[in-house]
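Residue numbers (the numbering used here), protein chains in the order written: chain A, 1 to 145; chain B, 1 to 544.
It is possible that part of the hints are untrue.
What the hints assert, rightly or not - Restricting the straight-line Cα-Cα distance to at most 30 Å, the calculated cross-link-like pairs of lysine-lysine (DSBU-like) are:
1) A:LYS108 - B:LYS165
2) A:LYS108 - B:LYS246
3) B:LYS37 - A:LYS108
4) A:LYS116 - B:LYS97
5) A:LYS116 - B:LYS37
The hints are simulated quantities; they were obtained by calculation from the structure and are not laboratory data.
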Amino acid sequence: MVDVQFRFRSDDAVNDPAVTVDSIGEQSNATAVRIEPGDDARELLPYLDRLALVEVNFPSWTDGRGYSSARILREAGYTGELRAVGDVVIDMLRHLQRCGFDAFAPEKALNEADAKAAFERWENVYQATAIDGRQAIWAKRHPAA
Amino acid sequence: MYKYDEYDQQMVDTRVAEFRDQVRRRIAGDLTEDQFKPLRLQNGLYLQLHAYMLRVAVPYGTLNSTQMTLLGDIADKYDRGYGHFTTRQNIQYNWIKLEDTPDILAELATVEMHAIQTSGNCIRNISSDQFAGAAEDEILDPRPYAELLRQWSSFHPEFLVLPRKFKIAVIASETDRAAMRLHDIGIKMVKNDAGEIGAQFYAGGGMGRTPMIAPLIREFVPIHQLITYAEACLRVYNRYGRRDNKYKARIKILVHELGRDEYVRQVEEEFAHLLTQPIEPPLAELERIKAHFVDPAFDAAASDELDLTDPDFRLWVERNTTPHKQPGYIIATVSLKPVGGIPGDATADQIRLMAKLAKDHSFDELRVTHAQNIVFPHVRKSDLYTVWKALDEAGLGTANLDTVGDIIACPGLDYCSLANARSIPVAQKISERFGSARKQAEIGELKLKISGCINACGHHHAGHIGILGVDKKGLENYQLLFGGSEGADTSLARIIGPGFTEDGVVDAIEKATQVYLANKQGEERFLDTYRRIGMEPFKEAIYG
Numbered sequence: 001m002v003d004v005q006f007r008f009r010s011d012d013a014v015n016d017p018a019v020t021v022d023s024i025g026e027q028s029n030a031t032a033v034r035i036e037p038g039d040d041a042r043e044l045l046p047y048l049d050r051l052a053l054v055e056v057n058f059p060s061w062t063d064g065r066g067y068s069s070a071r072i073l074r075e076a077g078y079t080g081e082l083r084a085v086g087d088v089v090i091d092m093l094r095h096l097q098r099c100g101f102d103a104f105a106p107e108k109a110l111n112e113a114d115a116k117a118a119f120e121r122w123e124n125v126y127q128a129t130a131i132d133g134r135q136a137i138w139a140k141r142h143p144a145a
Numbered sequence: 001m002y003k004y005d006e007y008d009q010q011m012v013d014t015r016v017a018e019f020r021d022q023v024r025r026r027i028a029g030d031l032t033e034d035q036f037k038p039l040r041l042q043n044g045l046y047l048q049l050h051a052y053m054l055r056v057a058v059p060y061g062t063l064n065s066t067q068m069t070l071l072g073d074i075a076d077k078y079d080r081g082y083g084h085f086t087t088r089q090n091i092q093y094n095w096i097k098l099e100d101t102p103d104i105l106a107e108l109a110t111v112e113m114h115a116i117q118t119s120g121n122c123i124r125n126i127s128s129d130q131f132a133g134a135a136e137d138e139i140l141d142p143r144p145y146a147e148l149l150r151q152w153s154s155f156h157p158e159f160l161v162l163p164r165k166f167k168i169a170v171i172a173s174e175t176d177r178a179a180m181r182l183h184d185i186g187i188k189m190v191k192n193d194a195g196e197i198g199a200q201f202y203a204g205g206g207m208g209r210t211p212m213i214a215p216l217i218r219e220f221v222p223i224h225q226l227i228t229y230a231e232a233c234l235r236v237y238n239r240y241g242r243r244d245n246k247y248k249a250r251i252k253i254l255v256h257e258l259g260r261d262e263y264v265r266q267v268e269e270e271f272a273h274l275l276t277q278p279i280e281p282p283l284a285e286l287e288r289i290k291a292h293f294v295d296p297a298f299d300a301a302a303s304d305e306l307d308l309t310d311p312d313f314r315l316w317v318e319r320n321t322t323p324h325k326q327p328g329y330i331i332a333t334v335s336l337k338p339v340g341g342i343p344g345d346a347t348a349d350q351i352r353l354m355a356k357l358a359k360d361h362s363f364d365e366l367r368v369t370h371a372q373n374i375v376f377p378h379v380r381k382s383d384l385y386t387v388w389k390a391l392d393e394a395g396l397g398t399a400n401l402d403t404v405g406d407i408i409a410c411p412g413l414d415y416c417s418l419a420n421a422r423s424i425p426v427a428q429k430i431s432e433r434f435g436s437a438r439k440q441a442e443i444g445e446l447k448l449k450i451s452g453c454i455n456a457c458g459h460h461h462a463g464h465i466g467i468l469g470v471d472k473k474g475l476e477n478y479q480l481l482f483g484g485s486e487g488a489d490t491s492l493a494r495i496i497g498p499g500f501t502e503d504g505v506v507d508a509i510e511k512a513t514q515v516y517l518a519n520k521q522g523e524e525r526f527l528d529t530y531r532r533i534g535m536e537p538f539k540e541a542i543y544g
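Pulled out of the complex, with its shape left as it was, chain A reads as follows (with noise of 0.2 Å):
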C-alpha cells in the first residue's frame, strides 16, 4: 500500500482496507471504500455514516472525474477521511484540497518544498466550494452581504 505523504487531519489514521463502491452495500461492516474514475459517488450517500475513509483513484491526474466525487462526497455531508491516491501531482494538490480532500497518497512520493510551496500558493480563490472553509474574493468584497 502506498503511504499518504500529507494528511491534514488530526484523527487517528484510518488503514481499513478499501471496498469497491459496488460491494459496499453488502460489506456492511466496511469502513472505507475505493472510488474510481467511473463510479457514481452518490452511491456512497446512504452509507456516509459509517465510512471513515474514502479514497479516490486519479489513474491519471488528467482525469478530472474524481474532483467532483470529492465534492459531491462533501456537500451531502462526509466529514471522515478523502484521500486522493494514485497520480497526484504537486500542480494539483491546492485544487484538490479546494475539492475537499484533506489527505494525498501519491503513487511517487513528491518533493517535499515543492509541494509545500503548492499547497499554500493560492491565498485566495475565486469560487466558493462549500467544503473548505475558504471565504471566496466575492465575499471578501462584500463582507455584509
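We have chain A already, so just place chain B on it with the hints.
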C-alpha cells in the same frame, strides 16, 4: 471597462509565480515534457512546428490602449515583430522561447492581462459580442456577465481537467455576432415579461470534426442563479463526458448521445442540489462589476453628419462601420485582411497605432472580433475621417469587412503541428484573386473560412463558403463546403464534391461567385441565393 482590484491582481500575480516555478522545474528536469504539457497548456503555451506559441487572453475581446500597446511591445521584444489575432478574440505569438514566458506573463500582469486557461482541457477565455456596449440592437451589455463568469471559471478547482476544452460565449443582442450556438455553452442574456434579467442557455454546440448547433437547454435562468446553473452544466459534463476518445470528448457528443432532454434532466437535478450550496456570488458583486461598464462620456451634442466626399473613405464607411446606439458616434471595424496578407496578423507598429487611435478617438477602448479584426467601438463621427486616414497610411484601411477578402483562416501547416494542409497561402491567393474593391463590392457579403485540418479552428463549417484542407496521399487537397452560417440563422456548411488543388480551389470559388451573380435576385447575399437555388447550379459550373 473592467478594472482589477487587489484580489484580481493578486490572482494574476500568483499565477505568474506558479508558472515561473513550473518552468523552473521543467528546465531542471523535475518535470518531463509529458508532465509539463498539460500545465503549460493551461497557460496558453503550445509547442508548434517551429517554436512555442503563447496565446494571451483578451477577456470577451475587450482591451484598452495601454494593454494594446504592450501587446505590440511584446511582439517586438519576444517575437518577430508581429502578433496574430485569433478566432477566440485572443492574440497569439508564434515565435516564443520557453525561458522567456514567465517574464512575458509578468509584463502582461502589469497591465491586467494573462494567458490563464487560453488552452488545455478547461474553461477557456469567455467570448462575447465585439459590439457590446455600443450596438444599437443590444438588450443590455453582456460584458458584466462575461466578467462574472470569467472570475468563476478562473482556477475553478473542480473543472481544471475536464474531458476536453470548454468554450463559453455570452451575448445580449438579437443579432448574434459571436457564433453563440457554436460554443460548448452559449448564453444569451434576456429580459422576461416582467422585465427581469435572466440567461438563456444553449449547450452542446461546436465545430471540430463533428460540428453541431447547440440546442436550447433552458429558456430563463434567473440572474441570481447564473453561476449555480453554469456549475451544474459543467459538473454533469465533467462526470459523464467521454474520456475514452479525445475526438468524442466535447460536451456536444455527451448532449448528442444522452439526448438533449436527458442532459437537461441531469442538469436540472444537479442544479436543484447545488442551489442548496452557498456557491452563488451575491447580486452586489454583479452590481460592482456592472459599475465598470457604464457608458463612456458621450457628447450628446456630437454631430451625426459624415462627410463622404472622399470616395475611398465612403467605400470604407459603407463596408466597415456599424451604427452606434449613441447619435453622433459610430462603430468602426479595422480589417486585418489586407489584399494578400495573412488573416489576423498585425505588426507591432500597427498594434501600437491602433492603440493610439483608440486612446484618442474611441474612449480608450478596442475589441478583438472572432473574425480576427479589431474594433473601435465608440468613434465620434466627426473624428472618423482622421481615424481612417491614419489607418489607411498604416495599411489598415482595407474596406472589406464580411466580404470574400475578409477571410478567417487558422494558422495551418505553416505553424500548427496538427494541421494537414496550409491555410494561409490559400487565403492569400483568394484575397489576391478578389483583390479589387469593385469586385468585392459587387459580390458583397460572403463569409469565407479556411481550416487546415478537421479540427476546424478556421470555422469552415460556419462559412458561407468553407474550405477544409486535408492530406491526400501526401498532397495538400482542399475540400469546398457551401451554406454555413453563424448567428441567428446558424447552419452548417455541406461539402459540395471532390476536393481541389490549391489553385483549383481558388478557381472553383471564382466560378461559384459567378453563379451567384448570375442568379442573384434583389438584395440577396451569396448565402441567400445558395439557399434558394441549392447546390446543383454551383456544382455544374464547378465540376461540369
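Results of checking the hints against the structure:
Between the alpha carbons of LYS108 of chain A and LYS165 of chain B the distance comes to roughly 28 Å, so the proposed pair stays at or under 30 Å and holds. With a C-alpha separation of about 27 Å, the suggested pair LYS108 of chain A and LYS246 of chain B falls inside the 30 Å cut-off, and the hint holds. For the given pair, LYS37 of chain B sits about 19 Å from LYS108 of chain A by alpha-carbon distance, which is consistent with the 30 Å threshold. With a C-alpha separation of about 29 Å, the suggested pairing of LYS116 of chain A with LYS97 of chain B holds against the 30 Å cut-off.
Between LYS116 of chain A and LYS37 of chain B, the direct Cα distance comes to roughly 22 Å. Compliance with the 30 Å bound is thereby established for this hinted pair.
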